[in-house]
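Residues 1 to 86 (my numbering) are what the sequence shown spells out, left to right.
Derived by calculation from the structure, the hints in this document are not laboratory data. Treat the hints with caution; some may be incorrect.
[Said to hold, decoys possible] Derived DEER-like restraints, expressed as beta-carbon distance ranges:
#1 L23 to M70: 19 to 27 Å
#2 F68 to G25: 43 to 51 Å
#3 L51 to I11: 23 to 31 Å
The structure displayed is predicted, hence computed values, not measured ones. From the three backbone atoms N, C-alpha and C, an ideal C-beta is built for every residue, glycine too.
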Amino acid sequence: MSAGIFIGTIIFIGIGIGVTVWLKGVVTKATKNLSDLNDNLLQCNNHKSRLMYVSVISGTIQFWLLWFCMYMHQLNPIISPIRGHE
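Sequences are here, hints too, so could you generate the full structure?
Below is the structure:
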């Protein structure tokens, strides 16, 4: 595995974790009834937390897959450029 793919994957994992932590803070601040939310980031006791986790994880995986396909296509192009006659 090339270094670029490894570094890009680590960056996407970090972005996914960062967005999850950030959104958990936003949802906690926006909710007036704090008994509905648990302060532990790994537990999802209500439908808002579950939906948030599923959305962030699936979105991160989809963006990573898009980036990975574009990266691999640039490494091994299907059609090589043809130079004009000089």
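field: Structure versus earlier hints, numbers of those that do not hold, lowest first
entry: Hint 2 is the one this structure does not satisfy, whereas the remaining hints hold.
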